[in-house]
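Chemist: Residues per chain, in single letters:
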Amino acid sequence: MKRIVGIVLAVLLIGGVAAAVVAGREDQGSGTATKTVRGVIGSEKSEFFADPDVVKALADKGFAVKTETSGSWAMEEMPLTGYDFAFPASEAPGKELATKHGVQGGVLRPFYSPLVVVAHRPVAEVLARNGLAALDGKPGAEARGTFRMGPFLDAVRADRTWQQLKGASAHAELNGTVFISSTDPETSNSGALYLAAASFVANGGLVSDAGGVDRTAPLLRKLIAPQGAQKTSSDAPFRDFISGAGNPLVLVYESQVASMLLQKQDVGDLVVLYPDTTVTSDHTLVPLTDDGRALGGLLTTDKRLRELAVRHGFRPQGVPAEFTAATAGYTAYLDQTLTSVHQAPVPTTKWLQAMARRSRS
Amino acid sequence: MRRRLRLTAALIAALLTATACSSGGGSKDPENGADTAYHPGTLRVLASSELADMRGVLDEAERKTGVKVRPTWTGTLDAAELIASGKADGKYDAVWLSSNDYLRLHPGAAERLTNETPVMSSPVALGVKAATVARLGWRPDEVTWSQVHQAVLAGKLTYGMTDPVRSNSGFSALISVASGLSGAQSALTDADVRRAAPKLKEFFTGQKLTSGSSGWLATAYTRRGSVDALVNYESVLLSMNRDSHTGLTVIRPKDGVVTADYPLTLLTSAPQEARESGQALTSYLRGPQAQRALTEQTFRRPVVPSVKPATGLDTEKRRELPFPGSRSVADGLLDSYENQLRRPSRTVYVLDTSGSMEGERLSRLKAALAGLTGTDDSATGERFRDREEVTLMPFGSSVKRVRTHTVDPRDPAAALDGIRTDAGALTASGDTAIYSSLREAYERLGTGGADAFTSIVLMTDGENTAGSGPGDFDAFYAKLPAAQRATPVFPILFGDSDRAELTRIAELTGGRLFDATRGSLDGAFEEIRGYQ
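Protein chains in written order, with this note's numbering: chain U, 1 to 361; chain Y, 1 to 532.
Isolated chain U (complex conformation):
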């Protein structure tokens, strides 16, 4: 826990930068009385809040938002005095924050993004040939598919190596134990949600007691230990992947890929694999004051702000048409409806952190 507190302090300090950027633009607002609201957010949303168009859209509605970033699973450790809202990347810590701070009227979930696995096409083809994935699209040009969690976890239990998979020998990089690179589950949301999804499949249901932690620990350890040193934010493994280095399979947020596509960046032979059982990162705004609640309402209802959230790859809650329309040109990569994807629930912070500790011990 000490580690988490340290990280909170770290991110608090850096958060001042984003805040300053926002503050600097305050005067350029529309002239209406501007309300300054302060919040602590998951780092994956810092680009959204720093986007000049977002700053302007908020200013047009009379808001200047000052943000500081923190790991979503570390916000519980923060006092949050003087903040108007907290905005973790998961519903579970969101709900616990709401309980802890006695929030009336519930939390808001303006947008979400599922966790996906990215692979280069030749690797995705090897997975498909061995029953670990199913690809959609024209043969030889597939850019999207389903990642089959059950067979994958069976392979992990059996310590399967790439060399044992059919068709892998043609690719020099396919060597060693098959694993997905994730972030550190003790501090980072995407790494923690990976354990949530895997433990749900392995346990045949939500882990909600010490017995569940014990049952799933050996498998979760096999998911984490082979990775060696892990990164602490989902950006770094994705960058390694893009630069052609790093592990063949990397767990990222769909929003990371979608924002790259929507900014018309070439993604090469990247294939987006949607796990058949995955966890969605529900960006959950916990209002701590009336102003915080007003901001949450704005992010949920304002069309311009939802449009900007889509530009950053997020899916606005309850209005699938907006994400669908914006990503119409990218259906080869993105599964707009997620109809065949099962959403696993997320264990409470207590059990998830217990699993994270055990997986790394």
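Think of the hints as simulated: they come from the structure by calculation, not from any bench.
All figures in this text were calculated on a predicted structure; none of them were measured in a lab.
Take the hints with a grain of salt, since some may be wrong.
Taking lysine-lysine and the DSS-like style, the derived pairs with C-alpha atoms no more than 30 angstroms apart in a straight line are [to be verified]:
#, chain 1, residue 1, chain 2, residue 2
1, Y, Lys317, U, Lys222
2, U, Lys35, U, Lys100
3, U, Lys264, Y, Lys308
4, U, Lys66, Y, Lys91
5, Y, Lys64, U, Lys264
6, U, Lys35, U, Lys95
7, U, Lys138, Y, Lys308
8, Y, Lys317, Y, Lys156
9, U, Lys303, U, Lys35
10, Y, Lys64, U, Lys66
11, Y, Lys68, Y, Lys87
12, U, Lys264, Y, Lys317
13, Y, Lys317, U, Lys166
14, Y, Lys366, Y, Lys129
15, Y, Lys156, U, Lys66
Residues from chain U shown here face chain Y by an in silico Cβ test under 7 angstroms; the list is partial [unchecked claim]:
#, residue
16, Gly176
17, Pro226
18, Ala236
19, Asp240
20, Ser243
21, Asn247
22, Leu262
23, Gln265
24, Gly268
With the C-beta cut set under 10 angstroms, the calculated list includes, among others, these residues of chain Y facing chain U [claimed, not checked]:
#, residue
25, Asn115
26, Ala184
27, Ala187
28, Gly256
29, Ser306
30, Pro324
Here a beta-carbon is modelled for each residue, glycine too, at the ideal position from N, C-alpha and C.
Model the placement of chain Y on the given structure of chain U, informed by the hints.
Modeler: This is chain Y only, laid out in the frame that chain U set:
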């Protein structure tokens, strides 16, 4: 398992001083009277030394963003100690190393870092002379670490590599080869390292050059001429081919590599304005213009998909070998390398104990030597190594005495105590016979122990005033057999010694000058360990 201790303040001072002299002179020493204060618009960056080749990109970044980078060059592993101990706080705003993996294993490091953003990547590779590749019948894209091991074992391949205890490229190579030769299928464990030890020991018999920094390694490689290959970043090897026509075939072993991803990382202790500057710089460096420039100018790989890697960068993918997930595995590997796997060292310390050393100078020399004999919990790399042969050769008007101790792995204390006692008994008298004493050191080393890294450390506080002169020494050195000429002299500038004279000795023998006039003497002794 020994604990890596925090660096002493003295060592840090020496590190920074050495930095100041190795960065081409003229730069101010951050520790001695120079300015470590924050100036708006200037980002104080603790950076891996090979990033000196980013000057062009950073100059352009300054024009575009107004952010000036003031780099302080350092070894990756030393930087990790500096940051984890909190000693970088207030002196640096950002850290830009080849990798943060080792740094993150240090307790106390994670909470000091933020905004970690990989900027580019380069795998650690093997650069092999084209003639050697042909002789071995290798197909460069098929070579594995096992084949490299076999070539070494057959006496057909020698190579240079940096000291893994001090340099990330050497450490990455050690992880790669330990993974390759142990057959580890995932992140290395202690058991993998133990299993691979016999093969690793064979592998390291081929290491004929060691260095505390990748820059000096390249220089020594070119000078020596007789070494077949060089372990270094792909970017450094390709740049050597472009700039010095070294004609090295760059091999990324097929069974896997460890890649540096150069995360530009802000320190949480930095002033808010500096953090803003850091973010502006990071955004610029991740843009297509900078990404194109850095791959074209430095042969590193871009991290944005719209920019293609420069010509010469093979795009066939390689398995990324995981970095150890725990400090005990990482440090255990370093400790094994240092005390069991690498070739042992034979070192002669030619120590000026002339009359001018009387008093404080002699005390400092004694303390510096005693420091190298370590304590029970000395960190890997901070004391004389197991199996090391250490000769103390104090001189005045001539060599006063010659005492040799060999550190026996079964009882290291015996030799270490002996060295400490001998160091404590040094007395100051007489003139300064630098060249005659050096000559005796070469003669002493000449009598055996070919299978070791031999080197001579020359510590003097004045000019040559007795015995033979530089001309005689040049003639003596020129007549030495090639194998003995390969022994470098590492002079230490101290007291009133003559920089020009010592620089000449370093250049003649292929050594490197260390400056203890601006830092500390024990810091210089410690830094030289990387070259021995």
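Chemist: So which hints don't hold here, by number, going up?
Modeler: 14, 15 and 22
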